[in-house]
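These protein sequence lines map, in sequence, to chains A and B.
According to this note's numbering, the first sequence holds residues 1 to 89 in order.
According to this note's numbering, the second sequence holds residues 90 to 523 in order.
Do not rely on the hints blindly, as some may be mistaken.
Okay, derived cross-link-like pairs now, BS3-like style, lysine-lysine, Cα gap no bigger than 27 Å in a straight line [claimed, not checked]:
#1 A:20 - B:400
#2 A:19 - B:333
#3 A:19 - B:461
#4 A:20 - B:461
#5 B:400 - B:333
#6 B:457 - B:400
Every beta carbon over 12 Å from chain A, so not counted as near; a handful from chain B, in silico [unchecked claim]:
#7 98
#8 101
#9 107
#10 146
#11 268
#12 321
#13 335
#14 336
#15 375
#16 380
#17 393
#18 417
#19 507
Quick caveat, the hints were computed from the structure, so don't treat them as lab data.
From a predicted model like this one, the values you see are computed outputs, not experimental measurements.
Note that the Cβ used here is the ideal one computed from N, Cα and C, for glycine as well.
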Amino acid sequence: MVLENDVEGIAKLADIHIKKEELGEFTSQFNHILEYFDILDTVSDGEEGKADLVNVLREDEVTPSLTQEAACANAHETEDGHIRAPRVM
Amino acid sequence: MVKEYFFEKTDRTNAFITRLDLAMYEETGGPLEGKGIAVKDNISTAGIPTTCGSRILAGYVPPFDAHVVTCLREAGAAIVGKTNMDEFGMGTTTENSAYGPTTNPHDTSRVPGGSSGGSAAAVGDGMVDMALGSDTGGSIRCPAAFCGIVGLKPTFGRVSRYGLIAYSNSLEQIGPLGQTVTDVNTLMSAIAGPDSRDSTAYDRPYTHTPSSEIAGMKIAVPEEFFGEGVDPTVAESVRNAIGKLEDAGAETMACSIPSMAYALAAYYVTCTSEASSNLSRFDGVRFGPSVETKRSWHDEYRDHRGTFFGKEVQRRILLGTFALSAGYYGKYYAKAQVARENVRKDFLRIFKDADIIAGPTMPQIAFKLGEKSDPLSMYLADILTVPANLAGVPAISVPCGTVDKMPVGLQLIGRHFEDERVVDAAFAYETEVI
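One chain only, chain B, in its complex shape:
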């Protein structure tokens, strides 16, 4: 039976691009029955506009649901709206949106993080308990940390991406954000598992009950996560949190990830290269604002993309086009793939002895709106989150105190397909401090 869900919460942070004040859900007896859930606006929803925060998709209404949206509906969720984001997921603050920036629920003069900033702000402000985001280089964990909530980037392949509007296929994953580790666990249970329409989706369903029993868990702490560029007060807050995990019975050890020296460069070369190919589909012919069909293809196409793509999207497409062009491929793309393999090897080496790697999610607390106006300085803020995407391993951000009244995130990274252990470590921390 179909039931009504009235979504009446005020959106004071501009968290939503589209909201459904009357959302419907089915009495399926599923784990999310009657729960209002927000969905990032790069995840396709049949009949509900989906813009990726871009003018180039204004007015686009998908004719089908993403796999994860089908999962939500089957679990009985009411989809209450589509959340604001950096255009096509390209950003760390949710300021790069054609629909205006989202602000941080803890301090509206600050950013919520990005690119899933709308999802994180909606949860952080209590508008919904849970939301879906996507994480290409930290886009779930960063806003979770900045907004004081929990966010999980699953193992690459754990959740189907059918219906996720692609930006960088080898890096991105859909994942849950929630008020608590338990909420994140519940949402993850609903969306993980196989899907024949995404050939990268493994047959690894997620049926887990969080456990705070972590006695004997081995936690490695990389020196690079506390090095140059990391705010000392943030570092201290995270070290205290790791101390709480020791109190709960975990054993800690020092470790090093030498490939962090070039991981960020490898990430940006890879994601911009993939973006330059993926975003070529936005031509104004099949969806979005229309092109003038009387003009020649390239003239019309160039003007259309020059007008309707935002600056950061244009910059990344150009960088990717350059990195893949004849004469530069070897210097940039090929090197980035070797670097990426070195990151993966560093993780595999550490995970021979350790179960979890712990450190800060972000090197700073949430920035002031407009603070990161230079593109490179914005990119540098992703240094602690991109390694998990390059290696394809699961990582969670869980709130661990405040600095200047703003939330700080503890990042816990695990072995491939050990999302459950990552959740347990986060749950143990949460249990320890409550």
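This is chain A alone, in the form it adopts within the complex:
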């Protein structure tokens, strides 16, 4: 069972602002779904499937790709061919 402040904490981790007035509904739906997930407790310990997995590797070679102009085309703020982002610190 998770509480409203747990959901608030998860939302903070996920970088999603949930409005105060919506927290109650989110929390109750969350619990409803987690309760359903409890059926996974009936799965006995076993192997995760790995049998068919192979790594696909390639040489790290430069090949033709997007131009700087095309890569920046959807960004709202650019400067000298770079994309401007909010400050991190």
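Mind docking chain B on chain A? Use the hints.
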């Protein structure tokens, strides 16, 4: 030579987010030359807006084509528009779209299914013969069933996903929807095959002509596909369809998929976990509505995603973040992966004796708009489609009659890389009833 294609059909079901009334195509001599084809709006199209049904990608115009879109252009197709969908593929009804719900062409008070509801409605309403969709947990097969058309989820790895805007990479595949099995087969031929830009794409091109010769084909019928939660009238309709396959020479046998007990939970833990990582790229910096760069990163990012993501997307990102968080990983994600392997093993066991597994695609006919307002009840509707995604096997939905005047879908599931056999079984059914 470049030619013009005039796309003048009325969109009465809100199937399209973007439509091109004048689409262009090249005379390539390819199998799709001069055909108008609709593309789900989570598949990148150079120069044509691509929104994933989300406000967070409003105004985004991809600078490149997805591999499958390149394939369509090379085959001579005219791309007539981008179809409506549940935001980022998260939904079973196409009601979770920032561009309003799509409705069912057979009854506009009902949903078309989802998440590729726009593609299915466009085909079902006769606007196009064929469309591309994507299927993470049933998102091609469900709307195909609800709209009375054919939809194929290919084997995992059969079609490149380069340019598909990712939601849950270990589950999703791009696939064809069409009016007939032959149309689906034609579109599949155009898009399958290797692509160096998707390391999960196998070198397995698809060059097949459907055959209705299924004498001796062994078809397993799982009891779980006709159990609790499946509408008895839908079940009866599907059992009759399986009877038609017997008439065509197939042999049927009973089977059981015990892992179905927890397959749906394993699916939702897996897809939400992958979504929580994939959707972290939507930060308003490189595409979509812009952020205020004067504020600090986390404050701005949180408000942006709180404002522009829809509720279901927020819910799934939060569920995934929770399932992967310290202290819960073992209880949810790790268990889900064991459960997933058990589903795969159940399929492999059945496929030792059987060529095809048959059952309903959806447990009910198309819901009324607004009927599934509770998230969990919406999730439960995916119970019959998610096992094929967890196991990575191909599955098709083909129309098999009606209940209350609404279409019912017969689901046929095959072995890994036996998409051709799945298509043949569907073609045999279609041939038998026409």
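Status of the hints after comparison with the structure:
Pair hint residue 20 of chain A plus residue 400 of chain B holds up; C-alpha atoms about 14 Å apart against a cutoff of 27 Å. Between residue 19 of chain A and residue 333 of chain B the alpha-carbon distance is near 54 Å, which puts this suggested pair outside the 27 Å criterion. A threshold of 27 Å between alpha carbons decides the hint, and for residue 19 of chain A with residue 461 of chain B the separation of about 23 Å falls inside it, so the pair holds. Straight-line distance between C-alpha atoms of residue 20 of chain A and residue 461 of chain B comes to about 25 Å, which keeps the hinted pair within the 27 Å bound.
Between residue 400 of chain B and residue 333 of chain B, the direct Cα distance comes to roughly 43 Å. Violation of the 27 Å bound is thereby established for this hinted pair. Annotation: proposed proximity of residue 457 of chain B to residue 400 of chain B holds, straight-line Cα distance about 20 Å (limit 27 Å). Residue-level check passed: residue 98 of chain B sits 30 Å from the nearest beta carbon of chain A, beyond 12 Å. Distance to chain A confirms residue 101 of chain B as a non-interface residue, since its nearest Cβ pair spans about 32 Å, more than 12 Å.
The beta carbon of residue 107 of chain B is kept farther than 12 Å from every beta carbon of chain A, the shortest such distance being approximately 16 Å. A cut-off of 12 Å between C-beta atoms contradicts the statement that residue 146 of chain B is not in contact with chain A; the least separation is 9 Å. With a minimum CB-CB distance of about 35 Å to chain A, residue 268 of chain B clears the 12 Å threshold, and the non-interface call stands. Separation of residue 321 of chain B from chain A is adequate, the least Cβ-Cβ distance of about 24 Å exceeding the 12 Å criterion.
Listed as outside the interface, residue 335 of chain B is consistent with that label: its C-beta sits roughly 33 Å from the nearest C-beta of chain A, beyond the 12 Å cut-off. Residue placement check: residue 336 of chain B keeps its beta carbon more than 12 Å from all beta carbons of chain A (closest about 37 Å). Not every C-beta of chain A lies more than 12 Å from that of residue 375 of chain B, the closest at about 5 Å, which undercuts listing it as non-interface. For residue 380 of chain B, the condition that its CB be more than 12 Å from all CB atoms of chain A is violated, with the nearest at approximately 6 Å.
Its closest Cβ contact with chain A, about 9 Å, brings residue 393 of chain B to no more than 12 Å, contrary to its assignment away from the interface. Distance check for residue 417 of chain B against chain A: the nearest CB is about 9 Å away, which does not clear 12 Å, and the non-interface claim fails. Consistency note on residue 507 of chain B: stated as away from chain A, and its beta-carbon is indeed over 12 Å from all of that chain's, at 16 Å minimum.
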